[in-house]
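S.K.: Throw the hints in and build the complete structure from the sequences for me.
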Amino acid sequence: MPPSIGYGGDYNPEQWPREVWDDDYAAFKLAGINTVTVGVFAWAHLEPAEFRYDFSTLDAIVERATAEGMRVVLATPSGAMPPWLARKYPDACRVDFEGRRHVYGQRHNACPSSRDFRRAAVALAGRLARRYGTNPAVVAWHIGNEYGGACWCPECGDAFRKWLRGRYGSLDRLNDAWNTTFWSHTFTKWSQIEPPNALSEHWRGPDHTAFQGITLDYKRFMSDQLLEGFLAEKAAIREHAPDTPVTTNMMGLYQPIDYHRWAPHLDFASWDNYPPADRSSTRTAARMALTHGLMRGLRDGDPFWVMEQTPSVTASRDVNPVKRPGVLRLWSWQSVAHGADAVLYFQLRQSRGACEKYHGAVLDHAGRTDTRVFREVAEVGAEFARVGDAVLGGRTPARAALLVDWDSWWAVEMSDGPNRNVRYLDVLTTYHRALWQANVPLDVVPVTADLSGYEVVVAPLLHMVKGDLADRVTALVERGGTFVTTALSGRVDEDDNAFLTDVPGPFGALLGLRVEETDAQQPDVVNPVTLFGAEHDARHVFEVVVPDDAEVLGTYGADFYAGTPAVTRSARGRGHAWYVATLLDDSGVDAVVRSALAHHDLLGPLADSPDVEVTDRITADGTRYLFILNHGPARTVPIPVPGTDLLTDRPLSSGEPLELPPTAVLVVRCDPER
Amino acid sequence: MPPSIGYGGDYNPEQWPREVWDDDYAAFKLAGINTVTVGVFAWAHLEPAEFRYDFSTLDAIVERATAEGMRVVLATPSGAMPPWLARKYPDACRVDFEGRRHVYGQRHNACPSSRDFRRAAVALAGRLARRYGTNPAVVAWHIGNEYGGACWCPECGDAFRKWLRGRYGSLDRLNDAWNTTFWSHTFTKWSQIEPPNALSEHWRGPDHTAFQGITLDYKRFMSDQLLEGFLAEKAAIREHAPDTPVTTNMMGLYQPIDYHRWAPHLDFASWDNYPPADRSSTRTAARMALTHGLMRGLRDGDPFWVMEQTPSVTASRDVNPVKRPGVLRLWSWQSVAHGADAVLYFQLRQSRGACEKYHGAVLDHAGRTDTRVFREVAEVGAEFARVGDAVLGGRTPARAALLVDWDSWWAVEMSDGPNRNVRYLDVLTTYHRALWQANVPLDVVPVTADLSGYEVVVAPLLHMVKGDLADRVTALVERGGTFVTTALSGRVDEDDNAFLTDVPGPFGALLGLRVEETDAQQPDVVNPVTLFGAEHDARHVFEVVVPDDAEVLGTYGADFYAGTPAVTRSARGRGHAWYVATLLDDSGVDAVVRSALAHHDLLGPLADSPDVEVTDRITADGTRYLFILNHGPARTVPIPVPGTDLLTDRPLSSGEPLELPPTAVLVVRCDPER
Amino acid sequence: MPPSIGYGGDYNPEQWPREVWDDDYAAFKLAGINTVTVGVFAWAHLEPAEFRYDFSTLDAIVERATAEGMRVVLATPSGAMPPWLARKYPDACRVDFEGRRHVYGQRHNACPSSRDFRRAAVALAGRLARRYGTNPAVVAWHIGNEYGGACWCPECGDAFRKWLRGRYGSLDRLNDAWNTTFWSHTFTKWSQIEPPNALSEHWRGPDHTAFQGITLDYKRFMSDQLLEGFLAEKAAIREHAPDTPVTTNMMGLYQPIDYHRWAPHLDFASWDNYPPADRSSTRTAARMALTHGLMRGLRDGDPFWVMEQTPSVTASRDVNPVKRPGVLRLWSWQSVAHGADAVLYFQLRQSRGACEKYHGAVLDHAGRTDTRVFREVAEVGAEFARVGDAVLGGRTPARAALLVDWDSWWAVEMSDGPNRNVRYLDVLTTYHRALWQANVPLDVVPVTADLSGYEVVVAPLLHMVKGDLADRVTALVERGGTFVTTALSGRVDEDDNAFLTDVPGPFGALLGLRVEETDAQQPDVVNPVTLFGAEHDARHVFEVVVPDDAEVLGTYGADFYAGTPAVTRSARGRGHAWYVATLLDDSGVDAVVRSALAHHDLLGPLADSPDVEVTDRITADGTRYLFILNHGPARTVPIPVPGTDLLTDRPLSSGEPLELPPTAVLVVRCDPER
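Chains as they are written, first to last, in the UniProt record's numbering: chain A, 1 to 674; chain B, 1 to 674; chain C, 1 to 674.
What the hints contain is simulated information worked out from the structure, not anything from laboratory work. Bear in mind the structure is a predicted one, so any value in this text is a computation, not a measurement. It cannot be assumed that every hint is accurate.
The list cannot tell twin chains apart, which means a pair is met if one copy fits it or any two copies do.
No more than 30 Å apart at the CA atoms, straight line, and that leaves these computed lysine-lysine pairs for DSBU-like [as the list claims (entries may be wrong)]:
(1) K189 to K88
(2) K466 to K88
(3) K189 to K29
(4) K162 to K29
(5) K189 to K466
(6) K29 to K466
(7) K88 to K162
(8) K162 to K466
(9) K162 to K189
M.R.: Set out below in structure tokens:
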């Protein structure tokens with residue numbers, strides 16, 4: 001990894017006249033740009049006809065970048081195939097959820113099972129690696145682009161059946177897993193199995209399936225199938241570039257791909273940070289923090305990259321607001337604060353035409369460097385150059401963890417009953433926000449993670465319980481830890497079949513209760529829950545709990561289950577297990593989460609300032625860097641630790657008032673603890 | 001028919017380990033269950049490969065049920081075909097409205113015209129009948145499951161053309177019926193006729209067609225075609241089980257199938273009672289009452305069965321609330337009150353996996369009998385066992401009737417103009433609710449019904465007028481009866497062509513008026529109608545009426561037709577004919593309906609308590625059983641008739657105050673009238 | 001052209017028994033009807049089998065019409081093909097946007113590239129022309145009906161590629177135009193190009209495309225392709241009827257067809273006036289005025305026809321209100337006021353069946369002539385007969401122009417970014433309404449129009465700037481004119497590629513500013529703009545403007561660009577160029593437009609009465625006819641000019657109070673100016 005924060009972005013000069021290349025590099029110097037991602041959409045350039053390769057333009061691009069001292073991130077172009085490929089190999093195009101074979105168009109459109117596409121993509125990746133693999137300026141390989149989507153073609157059907165054979169071994173086991181006696185679905189030959197889509201098991205779209213089992217497996221299969229394409233290209237690259245790290249730009253909280261299944265195969269994680277529009281800057285910041293955490297959690301706490309962000313506007317949304325002044329800098333530093341060692345833009349110069357011509361760029365259509373956007377980009381570049389490198393490689397030890405599980409995400413959102421309005425991300429982000437506003441150092445980890453280092457583990461909507469998870473959670477609690485889970489957890493096994501026991505299945509004994517009924521109501525129905533003397537709104541799902549030995553902390557205030565438990569806590573060994581039997585509003589979740597954290601003295605600094613984010617990185621030499629970021633209005637807070645703000649060289653004394661204007665950023669090198 | 005109320009439900013032990021069968025029967029005894037429906041989804045079990053039959057599991061199930069003294073309802077499994085059938089015979093799968101051939105998946109998915117499917121389904125039905133047809137425990141046959149949907153495949157196209165030849169005889173007559181000179185559609189060969197769907201006559205979905213005639217006929221055809229499948233299986237059963245009654249579980253107010261066309265072919269009617277979510281418990285109760293009435297009306301007042309209801313929650317809705325305490329009992333008794341001789345659940349034990357795993361059941365995943373749901377099920381079972389049988393076979397003589405007509409339903413909802421917001425069920429349920437809240441004994445009958453026994457006949461949205469209906473209605477009025485109809489009635493003939501006369505066509509002379517214009521407005525536009533001195537809201541459709549000799553009872557209060565008639569009544573012979581020229585709100589419809597009923601002294605008991613339902617059954621020995629059901633909050637009412645509440649053995653004196661808590665049920669054996 | 005206002009409409013007696021023909025003509029005489037359009041949907045009658053022609057019915061229809069002294073508009077029936085054609089030539093049916101080949105059904109459904117359809121349509125048009133082309137009663141030919149829609153079949157694909165070769169000459173030029181290096185789309189063979197639809201470049205529907213260039217060209221191509229069909233029929237007619245004018249009924253502000261590309265090929269323009277439902281009668285009137293203006297602008301100010309309007313209700317809307325009393329007359333006269341020389345109905349007798357059976361007609365199903373609708377039709381007929389002819393052929397000279405550009409319409413609505421809520425017609429109608437309420441004589445013209453006669457040119461959302469437009473606009477300003485344009489103008493060239501300069505591209509120098517950023521916000525976000533001392537709401541798009549020498553007239557009141565320019569005006573030569581950098585509300589646009597008009601003394605009469613429309617026509621002899629139309633409530637206004645109201649023969653003295661009841665119409669023959 002390079003010895004300073006990576007800064008730059010996607011650079012596609014093949015889309016521009018060569019005359020502007022000089023202007024490009026002059027601007028990059030002004031902006032402190034040191035990294036360029038090249039070749040992402042260059043297939044048609046590199047291989048204008050099958051087996052006819054032409055590297056002349058890419059040679060020139062790489063040579064120039066190298067000459068300018070840039071670090072080069074070299075992409076394989078498999079994210080967008082050229083027209084000749086689709087025309088010659090129609091099977092390279094996908095069949096969509098509606099069963100329609102597509103023809104050439106768009107991008108991210110290749111069938112992941114197409115042998116023709118695979119062969120062509122791997123061959124080109126190998127060629128690229130052979131040509132550029134030993135160039136020391138190439139600091140990383142970037143395979144494909146934003147992997148995603150799915151295909152339901154016959155070739156995928158074949159691959160799916162093969163994948164199922166591998167998973168289940170026998171049809172008997174598969175029939176059991178999918179509970180096929182229900183509705184007479186017993187499969188007697190593998191060939192009877194059809195990819196689940198609008199023409200087979202689905203109605204009303206991808207979340208409505210007659211058989212959750214087959215659809216769940218198709219999601220797992222498709223995630224694996226896309227990974228297989230990535231791995232095939234990676235293998236081709238490895239032949240010629242054995243040491244250069246390989247990644248692909250992920251999309252954060254992206255439902256269709258289980259990034260936890262991909263993580264072992266990435267040399268480092270990277271993602272594209274385009275947070276969904278939200279009028280609350282704090283919710284947006286929390287969501288980005290969650291995603292940064294998810295990315296950092298993929299590789300056991302290793303630093304990651306922000307591979308893309310826009311310097312100003314997106315284009316693909318219905319409404320595309322510009323980033324307000326200061327936001328670019330705030331978010332860029334937030335990335336670093338959470339473990340990013342590179343922060344890159346899409347893209348360095350604005351597209352001339354097609355669907356991204358209004359997407360923001362470091363340089364606009366006129367190539368100006370006197371715009372607000374360019375000035376802000378250059379300001380961040382200057383700060384990164386001056387102080388950013390100090391934190392490089394720094395890590396963020398955490399005693400609290402949030403569990404994220406794609407299987408539960410998939411299972412709960414495709415479930416018929418109890419309530420389609422329950423969305424995994426809504427609940428996950430509500431619990432995460434509470435943890436984040438408490439400014440607790442937090443890991444975001446899969447359910448397979450080692451929990452032995454944590455004191456508090458929060459697992460919202462842990463619908464599916466797999467493997468030895470219940471045992472590991474119980475061990476956490478026994479040794480003094482706290483576990484928090486919610487309604488709709490502990491419902492199904494790895495096959496999405498209900499546990500044939502009381503709800504919540506394997507967590508029942510730990511939680512000291514059983515759930516007898518699950519009521520559901522429309523979104524406007526509120527049941528007030530009284531918890532620690534305050535009332536909070538509960539919505540959507542209301543489980544009727546019969547406590548065994550769990551302590552009742554919160555109760556419903558309405559309906560026929562008024563007065564019965566809504567929040568409980570059981571004592572097991574030296575620890576506790578919380579159950580929140582409904583979906584609480586923000587204040588309710590705050591009450592639960594802060595109580596659990598406080599018990600372990602884990603409330604972080606400035607936890608009373610809900611818009612002020614505080615997080616830290618600790619470098620190899622033990623230096624702690626504290627990042628203070630204000631996502632809200634101006635505010636004065638007490639300085640939480642003594643140290644020096646590297647951005648201003650200002651010394652900070654603990655407890656003294658610190659004025660935080662909107663979008664304020666401090667990077668505090670903490671004084672060594674005495 | 002068995003000599004006590006049937007109680008039990010769908011029982012699919014083939015989906016469960018045999019170990020729980022003992023638990024099942026122990027629980028059934030606790031709950032008073034005497035009836036099990038078996039085999040509904042057993043095709044894959046019964047015929048695991050083509051022509052290879054295996055009845056071993058079903059034998060065991062039936063033997064055990066027989067041994068336990070259960071009545072067995074034996075289903076043919078044609079509601080869900082096995083995978084091998086779809087794979088071998090792709091034509092067995094449907095082509096959907098979008099023109100897409102489906103592959104294997106879901107259920108209720110077989111093409112009703114597929115010879116391959118038909119042959120297989122009939123063969124299996126015959127085998128089942130041969131094997132179990134003489135078992136006296138088998139009290140009824142249940143063919144298929146919830147027939148519905150439609151297919152637009154080429155084989156259906158052929159069958160449709162054949163059906164059309166049968167209906168019209170010649171293309172000339174067909175061209176006339178469909179008015180094909182409009183838009184140059186004159187068909188010159190039968191083969192030119194395409195099934196009407198998104199690829200031919202439709203846009204914006206099934207209700208938007210360029211030619212109402214072809215679409216209407218396709219609906220009629222498809223209803224007939226599904227019936228043909230039912231009849232073929234019935235014939236196969238009849239060969240071996242000539243006397244056991246045959247039914248299928250209908251879906252009540254289900255638009256795609258004209259149950260009136262099916263009725264003559266059912267030995268008894270049965271339906272699945274899953275009322276749509278409605279925040280008003282009273283509207284829900286009224287809707288169930290309407291549907292019970294419709295079912296009772298299918299077979300001329302014969303008792304029917306509730307073949308399915310959920311003991312707690314559904315799973316297929318977006319939001320699935322649990323039934324509140326007491327509601328299961330209230331609704332079960334309501335079913336009996338309206339003529340049900342059996343009340344069954346779907347299902348007796350909860351599914352382990354797939355899309356109904358969260359659907360409620362008598363026994364939950366853990367198999368508990370100490371849950372609220374099980375207790376309520378057992379309470380109903382005990383009551384049925386103790387007092388329910390008294391009412392078995394009882395009938396409900398009525399002097400008022402509500403006309404329901406699938407043709408009008410179809411025609412008015414696929415009409416271009418005047419207003420797509422007019423929905424048949426909205427208007428039907430509004431008029432029915434008014435009748436129901438008046439607690440008048442009511443028949444719900446087709447337009448072909450003999451009207452000679454009625455004094456009041458209400459026919460909302462009778463858009464299409466067929467056969468001698470106008471004559472029969474006129475005769476009703478002439479002999480002193482009252483006829484009430486509404487806007488948009490009397491518009492089209494059996495071919496859905498406009499009557500080439502003044503509106504409302506054949507009713508014009510009877511009603512003593514003509515409709516000159518039909519205004520339509522958005523749903524938020526209200527025109528106040530003054531009727532009997534009170535003002536009511538009218539919406540959606542406002543007909544401008546020119547009265548001939550009709551008496552004007554209500555007038556519009558706004559717009560350019562302010563002051564003109566909105567409600568009229570004509571005197572003909574000894575009776576009256578009402579016309580409501582707009583869509584009135586509840587209070588307006590109440591005013592009309594109660595005035596009409598009062599004229600015949602037909603206002604029922606407790607008609608002032610809008611949430612209290614009172615209905616009766618009279619058994620063969622002349623005993624009258626009055627059911628009093630409280631669907632609203634607690635209320636005290638005067639006892640309407642002297643008798644004895646069989647549920648409490650409490651004697652009741654007429655006129656004394658009766659406290660009705662929420663969900664109260666009384667089954668009053670009335671004292672013989674003196 | 002005939003020497004009196006054409007009055008009548010679509011007449012399809014082949015759809016009715018001959019018995020009513022006599023009644024028809026009796027009624028026509030009562031109503032002053034002099035024109036019938038025949039044969040629009042008669043293909044199946046005229047050619048019941050391929051090459052078998054039967055003109056007997058049409059002969060009878062034309063003979064009778066001729067005998068009755070009617071003017072006959074003879075339609076070719078290609079708007080609705082007969083069943084035999086689709087069955088024999090499946091390629092005659094379209095492939096839709098989803099890629100599905102349709103089968104027979106509906107109308108307006110023929111593939112515009114189908115050789116089989118084209119051959120049949122042209123042959124029949126030729127036959128008709130040969131038979132009726134010399135009949136002097138035939139005053140016009142009406143080809144097809146409401147051309148529209150699109151097809152994506154392989155034959156269209158071939159035609160599209162051919163069209164592209166013609167447009168671009170080489171693939172290099174095409175690749176440049178579509179900016180195909182973006183996303184690796186470089187085409188290396190023509191055959192690689194697929195029609196853009198849901199299976200290729202599109203997602204989320206027709207407005208969402210990965211490549212705007214290909215989609216834009218497909219729209220241009222499809223508009224041309226439909227025109228090619230029209231021209232082929234026209235050529236066949238011309239062989240036998242060299243002098244009779246040929247038209248087709250257009251649909252006004254219809255997005256899919258660029259009527260400006262069609263205009264040179266029409267002998268006169270005609271359109272079908274079915275304004276979309278709007279609760280504001282004034283907005284509806286303004287929209288009709290805009291469309292009349294667009295139609296008049298097609299042929300350089302020549303009179304046009306209203307080929308269809310409904311006398312009472314439509315049927316195809318979800319909700320179909322009746323026209324209120326007086327509205328039919330008001331709108332009919334408005335048509336004439338804007339240049340219509342004929343005003344026709346769809347249709348003269350109501351359809352018996354199918355999807356237009358509830359569409360209004362001059363004669364209803366019963367054929368009555370004593371209805372309100374018939375009376376109003378007859379009243380208009382009488383007025384036209386008495387005074388309408390005076391204005392025949394009159395023209396409306398204008399010094400103000402509104403630019404309409406289909407390319408900009410298409411481009412701005414398919415753009416990814418900045419804001420999907422920006423709709424071309426919303427902005428166009430807002431600016432038009434302001435001009436219309438100012439009662440300025442206005443031309444509505446294409447961007448290719450000669451601007452030399454105008455003083456004020458208003459061009460909202462002129463997203464695309466083509467050819468020498470910027471030069472012509474600059475010349476307008478230099479010689480003293482005023483140019484007004486808005487946000488999102490001047491963004492792209494004819495290929496929809498961004499200008500590689502500051503925004504707004506070729507208008508930048510004229511406007512004296514550059515746009516540095518474009519902010520976008522959700523529809524509920526308002527930024528108050530202060531302009532001439534008053535505050536107006538701005539929404540959707542907020543450009544951050546850096547003025548060069550433009551005068552700042554209005555400024556934003558909120559957000560980080562508060563205080564920066566929202567409305568500017570630059571002085572160039574003797575004129576001015578306005579830039580409105582956001583989307584203002586009605587009052588804001590009024591302020592801009594009225595200021596611009598006032599500068600040229602172009603505010604029209606009664607400009608303070610927003611519901612009162614005043615427009616004029618000047619006949620060949622120089623007489624000016626002023627039309628005063630009240631679209632709002634009753635109002636008293638000063639008489640604007642001396643003259644005589646021809647409808648009442650009442651002399652009018654300038655300045656005296658004139659009472660205008662609702663729907664008032666005056667046709668004032670102005671006294672000659674002294």
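S.K.: Against each hint, give a clear statement of whether it holds in the structure.
M.R.: Now for the hints, and whether the structure bears them out:
| no. | hint | in the structure |
| --- | --- | --- |
| 1 | K189 to K88 | between (33 Å within a copy, 12 Å between copies) |
| 2 | K466 to K88 | neither (44 Å within a copy, 37 Å between copies) |
| 3 | K189 to K29 | neither (64 Å within a copy, 40 Å between copies) |
| 4 | K162 to K29 | neither (52 Å within a copy, 47 Å between copies) |
| 5 | K189 to K466 | within (28 Å within a copy, 53 Å between copies) |
| 6 | K29 to K466 | neither (52 Å within a copy, 37 Å between copies) |
| 7 | K88 to K162 | both (26 Å within a copy, 21 Å between copies) |
| 8 | K162 to K466 | within (23 Å within a copy, 56 Å between copies) |
| 9 | K162 to K189 | within (12 Å within a copy, 37 Å between copies) |
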